[in-house]
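Put the two chains together into one complex; each comes in its own frame, and the hints tell you how they fit.
Here's the letter readout for the chains.
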Amino acid sequence: MLLKVENLIKIYESGFLRRKQIKAVDNISFTVKDGEIVSLVGESGSGKTTTMKMILRLIKPTSGTILFNERDIYTIPKKEYWRSVQAIFQDPFSSFNPTPFYKVDRILKLPFKLLDKMPKSEMEKRIKESLINVGLNPSDILGKYPHELSGGQMQRILIARCLIVGPKIVLADEPTSMIDASTRAIVLNLLRKLKDNGMSIIFVTHDVSQAFYISDRMLVMYRGQIVDEGPVEEVVYNPKHEYTKRLMKDVPKLYERFEDLK
Amino acid sequence: MEELEVEGLRGFWQSRRSYVKAVDGVTFKVYKNEIVGIVGESGCGKSTLAKLLIGLVEPPLQYIDGKVLIEGIDLYKLPEKKRRRINGEVISYVPQGAMNALNPTKRIIDLITDIVKEHNNKYPKEQIYKDATKNFEEVGLSSDVLNMYPFELSGGMKQRAVIGISVMLNPKILVVDEPTSALDVSSQKVILKLLWKLKEERGMSMVFITHDIATVRQISSRIIVMYAGKIVEIGKTEDVIYNPLHPYTKMLMSAVVSLETEIRKRKIEGIPGAPPDLSNPPTGCRFAPRCPYAASMCEKEPPLIDVDGDKKVACWRVIK
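From first to last, the protein sequence lines are chains E and U. Mind the numbering: the first sequence is residues 1 to 262 in the numbering used here, read in order. Mind the numbering: the second sequence is residues 1001 to 1320 in the numbering used here, read in order.
Chain U with its partners taken away, still in its complex shape (with noise of 0.2 Å):
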């Protein structure tokens, strides 16, 4: 069954003179109890897309069409009131930088505090005292972390402390972007096994967002690829990294380091170039300028098609 289900949809980013493209026509969906991740350069839309996912959206940004299915609600059918609660009890977002999301002038609890007030006005403190330590427990951080201010805390235990406040409402979907970027490899780890681990036992399902691929095949079972706004491939975690179909996934494996043998002798290589320009994004495969091996057939924009069961691509070269 599937928790979230998203259909064609688009959000730009206004500015002056033009909209900024960056996530346009993105079609996937989320099983029950499943972590997903979404991989691709900085620039390629996904930290808009996490942001159009629980409905974070706020001028510049403009949601433009499409559709958010949240176990089978319409989120944009919604009216702003109950999109709201629904942000946070149901999906629920940790956002990139999580060193910057803690406000620096209060306490962990009264971060806590006002955000529980916000969705249920008569939650007694002392219960949310309660609840907190407890799911700060669950994150591995004792309960006097919650009387310290963010600047105590090192960037790993942040890091843990905003996981730990964004499942405060026990929400079925958790949206984590970029969780693992400013961490050493050690508290790296550590919050693979706790998202992990509330996957496990909640039960949840997630999207997780990265441009590290080492660190999201660990833990994830699908992998979205997206580049310049749109999805170019689809795929079991296994497939897409043994097997990448879309040139600009294979390119993407090429530059990661690891510590794998082979690797060190081949040489990796970066991607040249960088992604488009999103306000005027090239017609056609936006890939293609790019594109090692980009022909006249790549004029034409390449739709998102299934190839062999489970997998999606958008590249001609592939469909035909």
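Just chain E, same shape as in the assembly (with noise of 0.2 Å):
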């Protein structure tokens, strides 16, 4: 088992007096096998994003733990564990630093801190490499600044960062909301090329459609527990509890119409 979850809970705590407690991540277990796309789907605010975060390691669990080949990510090296587990962001247009002193290629080169020592033109051609790999001309893109670029070119740069470090497991955060359908259909190609690479991913959306079309498996969230999971058809057609029930009603289609929509 690459990635085992068991018994996660997350609280955050607010307020200064009078302390108000918000159930984020509510006792949820699940595991990821190597080269299996599974996805979290739910609606905002059912806690997928802090489930992300937690198994970076950018926020502590409250309880529980997350184990990643059998052994607690928080005895791993931060190092170490990072170079197996990386993640792609929901907004291409935050992940880059916007002001006009760095160009695209530092984001590129950023991962090779994680990496051992190696000489730079080894650097260059993976930066290379890792661009065409994601359908992206080279020339295209180094030398450029941010704004330059769109979000469907900035989504891909991230994607080849994460290819440069080789990670065992991307988490993927709603990396398709920002962009529009075309482009969202390469993306959601080059996730599944990944797949064919021997990569876990998590991905996290709320639209069922796209979860639908990639994924293995499939974990629904609703208010911080996972309320239904399995292969991804078994969960679509043949849903089991109430709320993935309503979801997959309320998820458009293109070759049908609401019934009820009056």
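If you're looking for bench data, these hints aren't it; they were derived computationally from the structure. Keep in mind it's a predicted model, so treat the numbers as computed, not measured. Watch out, some of these pointers could steer you wrong.
As the list claims (entries may be wrong) - Each computed DSSO-like pair below joins lysine-lysine, with the alpha-carbon atoms no more than 30 Å apart: (1) E:253 to U:1236; (2) U:1193 to U:1106; (3) U:1312 to E:249; (4) E:53 to E:193; (5) E:193 to U:1265; (6) U:1236 to E:249; (7) E:245 to E:33; (8) U:1265 to E:195; (9) E:245 to E:23; (10) U:1312 to U:1267.
Stated by the list, open to error - Distance windows between CB atoms, simulated: (11) U:1103 to E:63: 33 to 43 Å; (12) U:1289 to E:129: 42 to 52 Å; (13) U:1289 to E:144: 15 to 25 Å; (14) U:1297 to E:132: 28 to 38 Å; (15) U:1143 to E:230: 36 to 46 Å.
Stated by the list, open to error - Calculated Cβ distances over 12 Å to all of chain E for the following chain U residues: (16) 1031; (17) 1080; (18) 1241.
Ideal placement from N, C-alpha and C gives every residue a C-beta, glycine not left out.
Structure, rendered in structure tokens:
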């Protein structure tokens, strides 16, 4: 088992005198196998991103364990852990430093800090290879500033950055929600390609149709809990939980019209 | 009867050296009590078109020529003051990213008061409150929301609030720009239901702009496909989806992800390349550089021509 999440709980506290507690993630457990795309589906505020952040070690869980290759992720040195686990985030426009001092090259050079030292020519070669891998022409990208690129290009650069590190798991948190439908198709196909190269992907989205398209298994989150899980087709066609049933009905389909619009 | 008629409309963004031809000769009609969807990639001029439709023309956006007839009145022949009045009373606009459309330092009711006072200074304050409550109930929000600040609302609620505000003055036409793009599927459906209700109960006409074809097909009766500032295809929703004629529409359809098994098996495909730079668009057919069927005839610009009845296409392959 590549990744194993057990009884994960995250409680956010706010307020100074009168403490208010919000259970963002409420006792969830799941596993991710090698070379598998698992999607985490749910409405806004259901705890998807909190789960992602905990797996990425950006926030500490209140309780519960996350095991990577049977080891607790907090016992693994950070550098080593992030060499195996990388992320792509929702908003490509805020993933780059927008100030005009930094070219796009910078974000592609940063991941080399996680890797062993290598000569400059090797670095450049790797950057070019990874850009070609995501369907970008290196000469179009290198030496440019973030504002000169489109959202789809930026998102693909972030995927290329992931490829440079060569992780075991990619956490993709709504990677396609800020880009339009035709570029979205390109990015989704790219994620499928990563899977074919043996990477596991946790794909977080609110868009069930995208999850349906790319993933092997689907976990449905609702109010911090996983209410439904299983192979994609089973969850979509035979949802068990009430919430999943409602969710599936709400998804707009291309060849079908909502009957209950009136 | 047509409520909104657009003829050869052109609007350019002025930059230091050149014009960005975001809307370049667009002609279509919207009939009474009808929802028309406008689809296309980012950067096709959809949002610019929305701004031109309601006369929200501020530099660097410039109106060049063409007509926008709202109930027979030419919007751009009216003096500035009258145009501002029409905007909101006859035609109203729900901007893209409703999240950012609300003033973060103002309570919702204060914002509404400002808008209504701009149109009718004598409107008594109690009446505004009463009307706003009624409108907000119609969009499914309680009257408490009126006294809240935008940050207290969720994304779906903000979107509903913005729609509630835009129908305050009882417009006949609503131009909605990407109302569902930032929302999750359940909130999306709430918005679609709400727009449908407004159309049915108030008899409004709508122009629904989006890049998400699966959403717009739920609600619109006709679809307009835009590419690089021009219309490439117009037709009944079912026609456009089941039988797209223009190569661009075809490729757009094959990029849609949806819950249907065929699509999972088929493998979706994106459109390679990007829309052209509109400050210097390709002469002739603007889609030709990305089109797999491009031929020598595409060097001339194809007109938007009727093909069997209600459908219009701008492509030499189809026309000939």
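So, going through the hints one by one against the coordinates:
For the hint pairing residue 253 (chain E) with residue 1236 (chain U), the CA-to-CA distance comes to about 17 Å; that is within 30 Å, so the pair holds. A distance of roughly 28 Å separates the Cα atoms of residue 1193 (chain U) and residue 1106 (chain U); the hinted pair therefore holds under the 30 Å criterion. Of the pairs offered as hints, the one joining residue 1312 (chain U) and residue 249 (chain E) is violated, with about 33 Å between alpha carbons and a cut-off of 30 Å exceeded. At most 30 Å may separate the alpha-carbon atoms for a hinted pair to count; residue 53 (chain E) and residue 193 (chain E) meet this at roughly 24 Å.
Taking the CA atoms of residue 193 (chain E) and residue 1265 (chain U), the gap is about 15 Å. The hint holds against a cut of 30 Å. Taking the CA atoms of residue 1236 (chain U) and residue 249 (chain E), the gap is about 24 Å. The hint holds against a cut of 30 Å. At roughly 27 Å between alpha-carbon atoms, residue 245 (chain E) and residue 33 (chain E) fall within 30 Å of each other, so this suggested pair holds. Taking the CA atoms of residue 1265 (chain U) and residue 195 (chain E), the gap is near 17 Å; set against the 30 Å cutoff, the hint holds.
For the suggested pair residue 245 (chain E) and residue 23 (chain E), the alpha carbons sit about 24 Å apart, so the restraint of at most 30 Å is met. About 29 Å separates the Cα atoms of residue 1312 (chain U) and residue 1267 (chain U), which keeps this hinted pair within 30 Å; it holds. In this structure the supplied range 33 to 43 Å holds for residue 1103 (chain U) paired with residue 63 (chain E), their Cβ-Cβ distance being about 42 Å. At about 27 Å, the beta-carbon gap between residue 1289 (chain U) and residue 129 (chain E) misses the expected band of 42 to 52 Å.
Remark: the range hint 15 to 25 Å for residue 1289 (chain U) to residue 144 (chain E) is upheld by a beta-carbon distance near 21 Å. At about 34 Å, the CB distance of residue 1297 (chain U) to residue 132 (chain E) agrees with the hint of 28 to 38 Å. For residue 1143 (chain U) paired with residue 230 (chain E), a C-beta distance near 43 Å keeps the hint of 36 to 46 Å intact. Separation of residue 1031 (chain U) from chain E is adequate, the least Cβ-Cβ distance of about 19 Å exceeding the 12 Å criterion.
Listed as outside the interface, residue 1080 (chain U) is consistent with that label: its C-beta sits roughly 33 Å from the nearest C-beta of chain E, beyond the 12 Å cut-off. At roughly 6 Å from the closest C-beta of chain E, the C-beta of residue 1241 (chain U) falls inside 12 Å, breaking its exclusion from the interface.
Of the numbered hints stated above, those contradicted by the structure are hints 3, 12 and 18, listed in ascending order.
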